[in-house]
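Going line by line, the protein sequences match chains A and B. In terms of this note's numbering, the first sequence opens at residue 14 and continues consecutively. In terms of this note's numbering, the second sequence opens at residue 54 and continues consecutively.
Simulated from the structure, these hints should not be mistaken for laboratory data. What you are looking at is a predicted structure, and each value in this text was computed from that prediction instead of being measured. Think of the CB as a built atom: it goes at the ideal place given N, C-alpha and C, for glycine as much as any other residue. Any given hint could be a false lead.
Calculated lysine-lysine pairs in the BS3-like style (CA-CA distance at most 30 angstroms, straight line) [said to hold, decoys possible]:
(1) A:K248 with A:K54
(2) A:K143 with A:K165
(3) A:K254 with A:K208
(4) A:K224 with A:K159
(5) B:K201 with A:K26
(6) B:K118 with A:K143
(7) B:K149 with A:K26
(8) B:K149 with B:K84
(9) A:K95 with B:K204
(10) B:K123 with A:K165
(11) A:K159 with A:K95
(12) A:K95 with B:K194
(13) A:K224 with A:K163
(14) A:K26 with B:K204
(15) A:K69 with B:K123
(16) A:K22 with B:K84
(17) A:K224 with A:K208
(18) B:K114 with A:K26
(19) B:K84 with A:K26
(20) B:K118 with A:K22
(21) A:K246 with A:K216
(22) A:K248 with A:K208
So the derived list for chain B, only partly shown, Cβ under 10 angstroms to chain A, looks like this [to be verified]:
(23) L139
(24) E191
(25) N192
(26) V195
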Amino acid sequence: MSELIGKVKAEFKNILNQEANILDDFDVTAIEAIDFTPSHKLDADEWFRLTNFSEKDFFIDQCLPDYSTASLNQIANNDYRKISAIEIIQNGQKHFQRITPALFVNRKTILDYSGEPQIVEHRNQIELRKESDAVYISGTDILYFKTIGKLKLIFPGIEQLHREATQEEVDAFINNDFISLNGVESTSIGALNRKRIADIGLKYSGLSADKKTLLITYAKQKAGVEIENNSFKVKSETDLKKVLYAMDQRFYYADIYEENRVASSVRVVTNEEPL
Amino acid sequence: MNFILRLFLTFSSISFFLIVFLVQNEINRCKTQLGEYAWVTYVAYVTIPFILTFISLGICKLLAKSTINKVVSLETSNNDFLANYLAFFFVALSVKGLITFWVVFGLTILFTFVSRVSYFNPIFLVFGYNFYYVHTGENVKVMLISRKKLKSPQTFESMSVRRINDYTFIEI
Chain A
14 MSELIGKVKA EFKNILNQEA NILDDFDVTA IEAIDFTPSH KLDADEWFRL
64 TNFSEKDFFI DQCLPDYSTA SLNQIANNDY RKISAIEIIQ NGQKHFQRIT
114 PALFVNRKTI LDYSGEPQIV EHRNQIELRK ESDAVYISGT DILYFKTIGK
164 LKLIFPGIEQ LHREATQEEV DAFINNDFIS LNGVESTSIG ALNRKRIADI
214 GLKYSGLSAD KKTLLITYAK QKAGVEIENN SFKVKSETDL KKVLYAMDQR
264 FYYADIYEEN RVASSVRVVT NEEPL
Chain B
54 MNFILRLFLT FSSISFFLIV FLVQNEINRC KTQLGEYAWV TYVAYVTIPF
104 ILTFISLGIC KLLAKSTINK VVSLETSNND FLANYLAFFF VALSVKGLIT
154 FWVVFGLTIL FTFVSRVSYF NPIFLVFGYN FYYVHTGENV KVMLISRKKL
204 KSPQTFESMS VRRINDYTFI EI
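In isolation and in its complexed conformation, chain B is listed as follows (with noise of 0.2 angstroms):
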């Protein structure tokens, strides 16, 4: 079941590589339907990783709990994570041909899922969520996705988190 979970987890936040592919290639069924009225198309596929990245944030809330009491360090990696992420972009950009795009596709997926940084959907960003890389009390590195602006160990308050997997925890 978790592994189902986080699978999704893993699509939901690389599934831009596929909506940049489709519409690179213009791969697009309705084309001739819609006619000048085609672009409706690529924004129905630009919403899709928005639809699945609102599932998986629902999807969160099924995951085990853990608490956070106190923190020794914080720092924010919103701006770490967006370089790697625009590495996919680019990759996505310049694969020709389907079986090239679901191999590496395939394994983008699988190189996601089975990293302790996996997970990063820069989604969440729009959703208001930042990502914290947080020492914990008994100074243990963890990646922290939360609502909340985290400041400095002092003001942290304890908080209940959802465990995505052993260096991944979200607060919803």
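Pulled out of the complex, with its shape left as it was, chain A reads as follows (with noise of 0.2 angstroms):
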């Protein structure tokens, strides 16, 4: 039994109930689940984990093991182009998926070889796509997902967890001594260095002064921007890029290839994997 339900506005919606399978249920065993890191971009065979997900501020209850689809109305017909995602509930799964205007398919004319040849008008219908943009498994109670930025109408809220930074915490990070800015103003700067200053710069701030010392001397020396009186001359989005990568210690030498190198994601891996 699988069910489709859709989210229009603020409400979710019962779209269809059938017996077979929607989707190919998501297989746990053939991908890599990795919790949550900012820093890190995923490879094609990676997804984001959240554990505990029941326990978050931004659980929804279209979640729940049990929840029942006959507390939801009927979609109307004049709902459908309002439906900003989907949720299918099949073999305790749940997934979801962002509608964007792109899967409309409207008047479409097409040519069907699968049987006889016939044109086929295709009208007022929305695809699905093979894979969702987060899965949950009440089982084990994980979300799995790929980009937040997708599930922010879905899990209003999640997107806490990649922030960018907000005007008062950039003006702080660009306070610090060792930054001047040339030519870039602190108002103007871009989301993805917003969302860089909330993360690195909350890890910085969290150090000791001693560690701190170290690592603006570290980054002075990695970096590759000009330094003026003793602090960085950032002069563009890219330069304030680098020094906040130098301040999460992603340059790096590799001895043996003999190659300075960055890191342009990172992530936390514990000693119990085989290095």
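Hints given; two lone chains; assemble the complex.
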């Protein structure tokens, strides 16, 4: 038994219910699950994971294991245009997909050659993708997903896991004496660097004074950003990114290959994993 | 399509109104032919709502499905509805004239159709169905028509139900 419900504005509505599966089941053994780390960039076979999802603020009732779709109103025909996301409930898994305008198939004329050739008019359809944006498994209480941004509408509040720094936080970071902006306004710093400031700026402020000094000395050697009056002369977003990467110790020397490198994706690994 | 299904359900649920009127006013086209067996016609009249209800149960199998997996409270509501329903009988008994009848019958169909407690059909009781008010796990109150003898939320088992409207579900 699989069920399909859709989010219309703030309300989930019942769409349909059928015996056969709607999507292929999500195979946890075929993927590598990584605890959510904003600084990590996923490979194709990797998914982020959030454990104990039911205890989070942004958990929604529609993820409850014994959710009754009879609690929902039936969708009306003129609601479909307003669907922002769908949920598929099947075999204890809950698949979530964000619905964007590109997924609406309107008035396509298609030559169907699967049997006798025939012209098929596609009207008013929504394409369901093979891969969901998020999958929640009630049995293990884990949410799997690839990008947080797509889930904002489905799990309101989840974006706090990877938020942008507020203007005050940006200002506080920029006011550190090792940074001087030159041609960049603190109010016009882009979303990506704001996210890095929220992430790395927080890590930095948690360090002891000694470690802070050591880190800034390291960063000045590695970042490759012009130093003027003993502080970074940040002339562009790229410079700021380099400074932040250096403050995250992402520059390293691979001694055997004899290469200086930068890690565009980092996450903490435990020693239990074989080296 | 759904609209026609629901209209039929509504009609079958208040068809007794029509029957009571026919019997009360002794409307019987075959009275002269049948003579002393005229009562056969009235028996036929009375079976009509049963046949309609039997058909409407079949129709319910075409309605969209939903699931109820958990309930937090349930109460039977068989008796509450019977009182409402009996009121129909008395109205039908006191209606005089065909025009009055069609106006009142039409209005009753309309109000039953649009009301959320619509589709209460006492003949469902005869076929062994019970009427329950349940609060689902999400605390939404819906009416559930089921053959099962439901007693407590703890022993409630997941069921697949048909959606008559957003507040009324039937388990077939």
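Each hint tested on the structure:
1. A:K248 with A:K54: holds, 26 angstroms
2. A:K143 with A:K165: holds, 20 angstroms
3. A:K254 with A:K208: holds, 11 angstroms
4. A:K224 with A:K159: violated, 33 angstroms
5. B:K201 with A:K26: holds, 27 angstroms
6. B:K118 with A:K143: holds, 24 angstroms
7. B:K149 with A:K26: violated, 46 angstroms
8. B:K149 with B:K84: holds, 21 angstroms
9. A:K95 with B:K204: Answer violated: A:K95 to B:K204 is near 40 angstroms, above 30 angstroms.
10. B:K123 with A:K165: holds, 28 angstroms
11. A:K159 with A:K95: holds, 24 angstroms
12. A:K95 with B:K194: holds, 26 angstroms
13. A:K224 with A:K163: Distance ~37 angstroms between A:K224 and A:K163 Cα, so the pair is violated.
14. A:K26 with B:K204: Distance ~29 angstroms between A:K26 and B:K204 Cα, so the pair holds.
15. A:K69 with B:K123: Holds: A:K69 and B:K123 sit about 22 angstroms apart, inside 30 angstroms.
16. A:K22 with B:K84: Given that 30 angstroms is the threshold and the Cα spacing comes to 61 angstroms, the pair is violated.
17. A:K224 with A:K208: The hint holds at about 23 angstroms.
18. B:K114 with A:K26: holds, 21 angstroms
19. B:K84 with A:K26: violated, 54 angstroms
20. B:K118 with A:K22: holds, 23 angstroms
21. A:K246 with A:K216: holds, 22 angstroms
22. A:K248 with A:K208: Cα-Cα ~19 angstroms, so holds.
23. L139: violated, 29 angstroms
24. E191: holds, 4 angstroms
25. N192: At about 8 angstroms, which falls below the 10 angstroms cut-off, the nearest Cβ of chain A leaves the hint on B:N192 intact, so it holds.
26. V195: holds, 6 angstroms
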